[in-house]
Amino acid sequence: MKIELENLTKRILGTGNFISVDRNKCNRCGRCLIICIMNLWRKKDDTIYIVDDYQSKCLECASCYQVCEAGAINFQYPVGGTGVVYEKG
Amino acid sequence: MNTYDIIIVGAGPGGSIAAKNAAEMGLKTVFFERGRKPGEKNSSGCGLGPRMWKDFEIMKELTPEKCPSMRAGAASRNYFVNKEDIVAGYIMARPTESVSYEPAKSWITMNVYRSEFDPWLAEFATDAGAELKTSTLIVDLIKENGKVCGVIDEKGEKYEASIVIGADGVISTVAMKSGLRTKWAQNQVTLVPQYDFQAPPEKIDDIMGDEALGVWWGATFPASYQVFFRDGFHQGLGNWMSWWDKNPLFYLNKVVNLKYYQRLLKILEAKPRELQAHLLPWLDYPYNTYTDGVILIGDAGGFPCPLEAEGIYPAMITGKISAQIAAEAIASGDVSKAVLHKFDEEWQKTSIGEEFEAGYELWNIWKALPFSPKETMSWFVPMIMEVLGGIFDWSQPHALRIRQIASHVKSYMPKATPFIMKYVIPLVAKTFEDDLDKLMDPKKIMTILPKLLELLPQKKRKRGGKEK
Ligand SMILES: Cc1cc2nc3c(=O)[nH]c(=O)nc-3n(C[C@H](O)[C@H](O)[C@H](O)COP(=O)(O)OP(=O)(O)OC[C@H]3O[C@@H](n4cnc5c(N)ncnc54)[C@H](O)[C@@H]3O)c2cc1C
Ligand code: SF4
Ligand code: SF4
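Residue numbers (numbering that gives the first Met the number 0), protein chains in the order written: chain A, 0 to 88; chain B, 0 to 467.
No lab work stands behind these hints, which were simulated from the structure alone.
Any given hint could turn out to be false.
Lysine to any residue pairs mimicking SDA-like chemistry, simulated, CA-CA at most 20 angstroms apart [said to hold, decoys possible]:
(1) B:K450 / B:T430
(2) B:K132 / A:I11
(3) A:K1 / B:P381
(4) B:K245 / A:R10
(5) B:K265 / A:I2
(6) B:K245 / A:I2
(7) B:K366 / B:V423
(8) B:K182 / A:E68
(9) A:K1 / B:L264
(10) B:K258 / A:M0
(11) B:K36 / A:R10
(12) B:K132 / A:G13
(13) A:K9 / B:P271
(14) B:K182 / A:D21
(15) B:K421 / B:E432
(16) B:K245 / A:D21
(17) B:K245 / A:G80
(18) B:K414 / B:F391
(19) B:K59 / B:K104
(20) B:K253 / A:N38
(21) A:K9 / B:Q197
(22) B:K36 / A:I11
(23) A:K56 / B:F249
(24) B:K373 / A:Y48
(25) A:K1 / B:K366
(26) A:K1 / B:A103
(27) B:K270 / A:L7
(28) A:K1 / B:K182
(29) B:K253 / A:M0
(30) A:K42 / B:K253
Owing to the predicted nature of the structure, the values given are computational and were not obtained by experimental measurement.
Generate the whole structure from the sequences, applying the supplied hints.
Pasting the structure below:
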């Protein structure tokens with residue numbers, strides 16, 4: 000059984016940017032690539048980045064931020080009243 | 000400037016109980032929630048234990064009208080899944096004879112969706128006079144002479160108070176901005192993804208009866224819980240941050256794709272309804288829970304139970320205590336760290352404090368057993384199934400089977416003995432406050448154990464056909 004993840008979580012638009020990477024701090028350990036349930040992290044030419052449309056897919060779990068020991072990931076919850084809505088949490 | 004006596008950041012169970020108690024003591028109270036309403040951000044299992052009804056009068060007012068997802072049950076089912084991803088057996092368990100709290104004899108958990116429970120709880124606080132500000136993200140603290148005296152929201156609005164309670168969960172802005180903590184260590188916090196499945200209530204009742212909870216103990220995935228609500232259920236699993244070697248959903252999907260599980264989904268007519276992921280602090284002991292003008296409660300303070308990470312009850316207990324300590328401090332005009340130290344003294348006296356007394360041992364055994372599928376569960380599952388299920392075989396004489404089972408169980412001893420010595424005995428010793436050294440003496444154990452095993456008879460005397 001393959002569970003389709005698209006549309007399985009409701010979101011309210013208008014989050015603004017709430018995750019960013021500091022390239023100078025990143026040591027390319029790859030932990031963020033593994034931990035993100037939604038697979039929103041990429042590595043290209045030795046650069047780690049988060050996909051452009053992450054705001055419409057992110058679960059706001061903060062795992063990427065928590066797992067990054069280099070402190071390269073900046074995370075702040077989205078604007079109040081926007082982002083993920085768990086109706087059956 | 001908005002001025003209050005006490006500010007609480009977060010309207011989860013901890014924040015709402017703190018706000019309710021603070022308001023009831025006459026403090027001018029405000030609490031903030033980044034969601035449009037409480038309970039839409041903080042996904043959870045979510046089972047509530049009987050002790051919540053014991054310690055919080057308001058729980059008796061929780062009814063299906065207020066909380067339609069409510070479902071209680073007396074039974075839990077433990078599935079043992081082996082290396083081949085086959086359900087090798089299961090145990091259905093009901094409250095046992097030693098359970099002493101009367102209501103807990105008829106139900107073990109009340110399951111509710113947080114989207115219903117958290118707003119219900121917050122209403123007690125607003126009814127008591129606390130002000131709730133939703134859709135408001137707190138981003139910073141106001142400090143004077145290095146001491147916290149208020150908060151700032153994302154729009155730059157400032158709120159002042161003598162005390163700020165950090166009830167803002169696992170990624171706590173209050174903890175970080177007050178300098179109490181930077182980030183959790185990787186082995187202090189778990190990531191817990193979970194699916195919510197929808198299923199017709201009558202199917203759940205017909206098939207699950209009064210089973211309210213399932214635990215899938217796996218040899219290839221960390222233990223996965225299943226919590227039944229009125230019209231659906233959660234399936235989730237977690238582990239410490241450092242454990243994951245693949246996308247965590249890989250492991251959760253392993254559970255969902257078990258043949259047995261697929262069959263269960265089919266007969267329950269269950270369909271995936273929501274995907275959630277949340278971090279959950281899981282510590283052997285809470286630390287740095289207060290400083291000048293600040294107290295951290297619930298997840299923000301690292302209070303989930305060290306064994307199973309039940310976190311709602313500890314959040315509510317610490318919420319209640321924090322309000323009490325804050326009120327006393329405000330009345331005395333001294334909200335310094337030295338005074339707020341009483342917060343630690345008070346929670347340590349409660350059942351939470353008692354739980355954390357054996358915190359390290361409980362935390363350690365959970366880490367080493369259900370959360371170490373490859374290292375431990377891979378032999379633990381066949382060993383336990385050998386004992387439970389080995390006798391159900393009639394291909395050979397039963398006495399011979401018993402000897403085969405005994406010798407097979409014995410073959411697990413090289414793995415089981417060190418495990419028992421490292422994890423089980425320290426826990427037993429801690430719980431009974433026995434002399435650890437006496438029990439832990441490896442020489443003693445190594446001399447006793449083989450002797451015990453040797454007592455198992457190698458041969459048997461013939462009974463029938465003897466001459467008279
Ligand atoms: C998947 C999962 C399953 C669980 N299962 C169970 C279970 O079965 N039983 C149980 O007892 N416990 C369970 N827990 C633990 C339990 O959910 C938590 O321990 C509990 O929710 C902690 O309560 P809290 O009030 O401290 O924090 P939270 O419930 O996390 O509440 C914090 C609130 O603060 C808000 N907030 C955060 N930051 C800000 C900010 N900067 N500004 C404004 N608002 C903010 C959040 O939106 C949230 O509403 C589970 C946890 C997880 C993740
Ligand atoms: S976890 Fe941090 S340091 Fe490691 S690759 Fe990701 S951003 Fe870079
Ligand atoms: S917050 Fe969670 S879902 Fe969002 S990018 Fe980070 S790890 Fe992925």
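Verification of the hints:
no.	hint	verdict
1	B:K450 / B:T430	27 angstroms, violated
2	B:K132 / A:I11	18 angstroms, holds
3	A:K1 / B:P381	29 angstroms, violated
4	B:K245 / A:R10	26 angstroms, violated
5	B:K265 / A:I2	14 angstroms, holds
6	B:K245 / A:I2	17 angstroms, holds
7	B:K366 / B:V423	12 angstroms, holds
8	B:K182 / A:E68	9 angstroms, holds
9	A:K1 / B:L264	13 angstroms, holds
10	B:K258 / A:M0	10 angstroms, holds
11	B:K36 / A:R10	14 angstroms, holds
12	B:K132 / A:G13	19 angstroms, holds
13	A:K9 / B:P271	14 angstroms, holds
14	B:K182 / A:D21	17 angstroms, holds
15	B:K421 / B:E432	16 angstroms, holds
16	B:K245 / A:D21	24 angstroms, violated
17	B:K245 / A:G80	32 angstroms, violated
18	B:K414 / B:F391	25 angstroms, violated
19	B:K59 / B:K104	17 angstroms, holds
20	B:K253 / A:N38	17 angstroms, holds
21	A:K9 / B:Q197	16 angstroms, holds
22	B:K36 / A:I11	13 angstroms, holds
23	A:K56 / B:F249	18 angstroms, holds
24	B:K373 / A:Y48	32 angstroms, violated
25	A:K1 / B:K366	29 angstroms, violated
26	A:K1 / B:A103	39 angstroms, violated
27	B:K270 / A:L7	11 angstroms, holds
28	A:K1 / B:K182	35 angstroms, violated
29	B:K253 / A:M0	10 angstroms, holds
30	A:K42 / B:K253	26 angstroms, violated
In this structure, the earlier hints numbered 1, 3, 4, 16, 17, 18, 24, 25, 26, 28 and 30 are contradicted, and the remaining ones agree with it.
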